[in-house]
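Chemist: Chain by chain, the residues:
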Amino acid sequence: MPLWLDLLVRVVAVVAAFLVLPLLVGQAEHKVMAHMQGRLGPMYAGAFHGWAQLVADGVKFVQKEDITPRDADRRVFQLAPVVALFPYLIVLLAIPLGPGGLVAQPLDVGLFFVLAVLGIGVVAVLMSAWASANKYSLLGGLRGAAQLLGYELPLVLAAASVAMAAGTLSLPGIVEAWSPWWLLWQAPAALVFFVSGLAEIRRPPFDMPIADSELVFGYMTEYTGLRFAFFLLAEYVGIIVIAALTTVLFLGGWHGPAAEHLGWLWTLLKVFAVSFVIIWLRVSYPRLREDQLQRLCWLVLVPVALAQLVLTAAVKVAL
Amino acid sequence: MTVADALLLALGAVAVGSGALVVTSTHLVRAGLYLVVSLGAMAGLYLVLGAELVAWVQVLVYVGAVVVLLLFAVMLTRAPIGPSADLDRPAWPALVVGGGVGLGLAALFIDAFRWTIVALPVPGTTERMGAEIFGTWVLPFEVLSILLLSALVGAIVLSRPDIGAPKEGGA
Numbered sequence: 283m284p285l286w287l288d289l290l291v292r293v294v295a296v297v298a299a300f301l302v303l304p305l306l307v308g309q310a311e312h313k314v315m316a317h318m319q320g321r322l323g324p325m326y327a328g329a330f331h332g333w334a335q336l337v338a339d340g341v342k343f344v345q346k347e348d349i350t351p352r353d354a355d356r357r358v359f360q361l362a363p364v365v366a367l368f369p370y371l372i373v374l375l376a377i378p379l380g381p382g383g384l385v386a387q388p389l390d391v392g393l394f395f396v397l398a399v400l401g402i403g404v405v406a407v408l409m410s411a412w413a414s415a416n417k418y419s420l421l422g423g424l425r426g427a428a429q430l431l432g433y434e435l436p437l438v439l440a441a442a443s444v445a446m447a448a449g450t451l452s453l454p455g456i457v458e459a460w461s462p463w464w465l466l467w468q469a470p471a472a473l474v475f476f477v478s479g480l481a482e483i484r485r486p487p488f489d490m491p492i493a494d495s496e497l498v499f500g501y502m503t504e505y506t507g508l509r510f511a512f513f514l515l516a517e518y519v520g521i522i523v524i525a526a527l528t529t530v531l532f533l534g535g536w537h538g539p540a541a542e543h544l545g546w547l548w549t550l551l552k553v554f555a556v557s558f559v560i561i562w563l564r565v566s567y568p569r570l571r572e573d574q575l576q577r578l579c580w581l582v583l584v585p586v587a588l589a590q591l592v593l594t595a596a597v598k599v600a601l
Numbered sequence: 472m473t474v475a476d477a478l479l480l481a482l483g484a485v486a487v488g489s490g491a492l493v494v495t496s497t498h499l500v501r502a503g504l505y506l507v508v509s510l511g512a513m514a515g516l517y518l519v520l521g522a523e524l525v526a527w528v529q530v531l532v533y534v535g536a537v538v539v540l541l542l543f544a545v546m547l548t549r550a551p552i553g554p555s556a557d558l559d560r561p562a563w564p565a566l567v568v569g570g571g572v573g574l575g576l577a578a579l580f581i582d583a584f585r586w587t588i589v590a591l592p593v594p595g596t597t598e599r600m601g602a603e604i605f606g607t608w609v610l611p612f613e614v615l616s617i618l619l620l621s622a623l624v625g626a627i628v629l630s631r632p633d634i635g636a637p638k639e640g641g642a
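Sequence order for the protein chains is F and S.
Mapping of the first sequence onto our numbering: position 189 corresponds to residue 471, and the numbering continues sequentially without gaps.
Mapping of the second sequence onto our numbering: position 29 corresponds to residue 500, and the numbering continues sequentially without gaps.
The shape of chain S in the complex, shown without the other chains:
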């Protein structure tokens, strides 16, 4: 077992463990904080695999923005300190779906790769990422930016009932 293997296993355990705590913890805000740990561990996984840029994008976008927005919303509405007894959690369906998907994927991967050893790819430097995105993947990239732009415009229109016609919005 190499250092990379050990790190992957450890980070994976952290990610899965804190992920499980997210859905089982009865402390609302703590669940959000466990999500930070889980996403951080996933960024660590990317780092071990040499995808530096993706790892820091994960930290910037998910830890720095998405989870923070989530925590922000929870604190604005209802965030008791201590356990909440009245959380509405369908445990069994969630367990069946989550466990089923997890086990199914695991079985699929184990069956597909067995003991094949896959060497780590060349580290994903910024230059290589840029060349890939704006070379091979430029069409999906542009389609995604149009999707994001229309979501932005939609958000502006929805949050401003005073404007009649959709306003040009890019910022």
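Only chain F is shown next, with the shape it has when bound in the complex:
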């Protein structure tokens, strides 16, 4: 295969994943939440169990008026949704799907790349919050920035533990080195990573920056139409990214029966299982208050992550 064709196939595959997977997760959220709450959820769009509900939502968002508040900083306001969405698209490039180089862009520093690019999301939060010229937005944005900065630390520490255990920063390399007993050995790190990942994508119970019952919708308050849809899409791609990273780092990625041929299937199954848990948590837990949220981060997650680092190092040296 010539280079350009290879490149084209990879880029098209990533864009397709970027457009399809969030829709699947979004639809699953509608249905799963509904059934957990004793409802049916969307039933009419597309006739069969409302499968086309999100397509209909997309069409609706496109038709809505795109409003920019009069006092807003127009350029920053309009740029923010794109900045929110873009890092997730880039991150998808580095996530391995199966063995034998089934990854859009194998990177020597894959893990580092992913964490660094995810960190850009906080700039989008601050941009949208400030440029909206709305007190609720600004409050939400400040909460969001404090939350993202705080939770970045346990996220990176937990990821560092796996990198140390595997002896590499390359994501396919980490999956390669993974073995089932890591489920036990790296369990605290997995938990810390998953929880702080949830906080990074501001999903309930960590949705204090959005908090619709007190801050209207936080930094998204002033957004309408397509730009608002961009933020929603960013949230769902965020679920995919966090689920995929948890899968790749802690759940063994493509490992499973007949991994040689069905590796990609195992990865996808695990990603969807983790996504299901993320949706489940939204239905189960009330929103954490701001002080509880910061306490959890600094007094629980960071010490646990540090202890895990010590444990990992000790086992690594002993073996």
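These are calculated hints, taken from the structure and not from any lab test.
Note that the structure is predicted; figures quoted are calculated from it, not measured.
Treat the hints with caution; some may be incorrect.
Unchecked claim - Simulated crosslink set (DMTMM-like; lysine to aspartate or glutamate; CA at most 25 Å straight-line): (1) K598/F <-> D390/F; (2) K417/F <-> D353/F; (3) K598/F <-> E603/S; (4) K346/F <-> D494/F; (5) K417/F <-> E572/F; (6) K598/F <-> E598/S; (7) K417/F <-> D557/S; (8) K417/F <-> E496/F; (9) K417/F <-> D494/F; (10) K598/F <-> E613/S.
To be verified - With beta-carbon atoms standing in for the labels, derived distance ranges: (11) R357/F <-> L540/S: 21 to 31 Å; (12) L508/F <-> L620/S: 43 to 53 Å; (13) V582/F <-> R631/S: 15 to 25 Å; (14) V498/F <-> V628/S: 32 to 42 Å; (15) D582/S <-> D348/F: 52 to 62 Å; (16) E603/S <-> V582/F: 28 to 38 Å; (17) F368/F <-> I581/S: 32 to 42 Å; (18) F584/S <-> L290/F: 33 to 43 Å; (19) V291/F <-> E603/S: 33 to 43 Å; (20) P592/S <-> L289/F: 22 to 32 Å; (21) D348/F <-> R631/S: 42 to 52 Å; (22) V582/F <-> L615/S: 27 to 37 Å; (23) W286/F <-> G573/S: 38 to 48 Å.
Glycine included, C-beta positions come from ideal geometry on N, C-alpha and C.
Chain F is already provided as a structure; the job is to place chain S on it using the hints.
Modeler: The following block gives chain S in isolation, referenced to the frame of chain F:
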């Protein structure tokens, strides 16, 4: 001119241009956002030069944390939308110092290297970086970690007036 040359020039222009906007823009928050662009372009420069790890460290630390903290502080205190008229900026001394240093360094480098062609080094993989840091440069590395640790302890002591003796702090 190779692709790498063109990329270096373009990214350099972006970095310098947005850097200039940081100090000339009268929109406070926008200046911070231009700083994001400038630092991002510098990460791009590292990438072109094959220093992948350094590039992503730059993004993680500077774009993801330092500038965000800066913007955060500005928004907590004073962040009007639109231009601020009362910014205290000594333009001439800044121009003399900044321009002087820039031109001086440029002249120095041009004089030192002329038309010497330096081949790109071997890409800085993680393994090589690790071997270098923990092999050749282990002493500076450790000295720096002690410096960082004492800064951390100092920050904790300063932010907690209720503790008498300096507390053991590593996190």
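Chemist: For each hint, tell me whether it holds in the structure or not.
Modeler: Hints, one by one, checked against the model:
| no. | hint | verdict |
| --- | --- | --- |
| 1 | K598/F <-> D390/F | 21 Å, holds |
| 2 | K417/F <-> D353/F | 12 Å, holds |
| 3 | K598/F <-> E603/S | 21 Å, holds |
| 4 | K346/F <-> D494/F | 21 Å, holds |
| 5 | K417/F <-> E572/F | 17 Å, holds |
| 6 | K598/F <-> E598/S | 17 Å, holds |
| 7 | K417/F <-> D557/S | 23 Å, holds |
| 8 | K417/F <-> E496/F | 12 Å, holds |
| 9 | K417/F <-> D494/F | 14 Å, holds |
| 10 | K598/F <-> E613/S | 21 Å, holds |
| 11 | R357/F <-> L540/S: 21 to 31 Å | 23 Å, holds |
| 12 | L508/F <-> L620/S: 43 to 53 Å | 48 Å, holds |
| 13 | V582/F <-> R631/S: 15 to 25 Å | 20 Å, holds |
| 14 | V498/F <-> V628/S: 32 to 42 Å | 40 Å, holds |
| 15 | D582/S <-> D348/F: 52 to 62 Å | 54 Å, holds |
| 16 | E603/S <-> V582/F: 28 to 38 Å | 36 Å, holds |
| 17 | F368/F <-> I581/S: 32 to 42 Å | 37 Å, holds |
| 18 | F584/S <-> L290/F: 33 to 43 Å | 39 Å, holds |
| 19 | V291/F <-> E603/S: 33 to 43 Å | 37 Å, holds |
| 20 | P592/S <-> L289/F: 22 to 32 Å | 26 Å, holds |
| 21 | D348/F <-> R631/S: 42 to 52 Å | 48 Å, holds |
| 22 | V582/F <-> L615/S: 27 to 37 Å | 29 Å, holds |
| 23 | W286/F <-> G573/S: 38 to 48 Å | 40 Å, holds |
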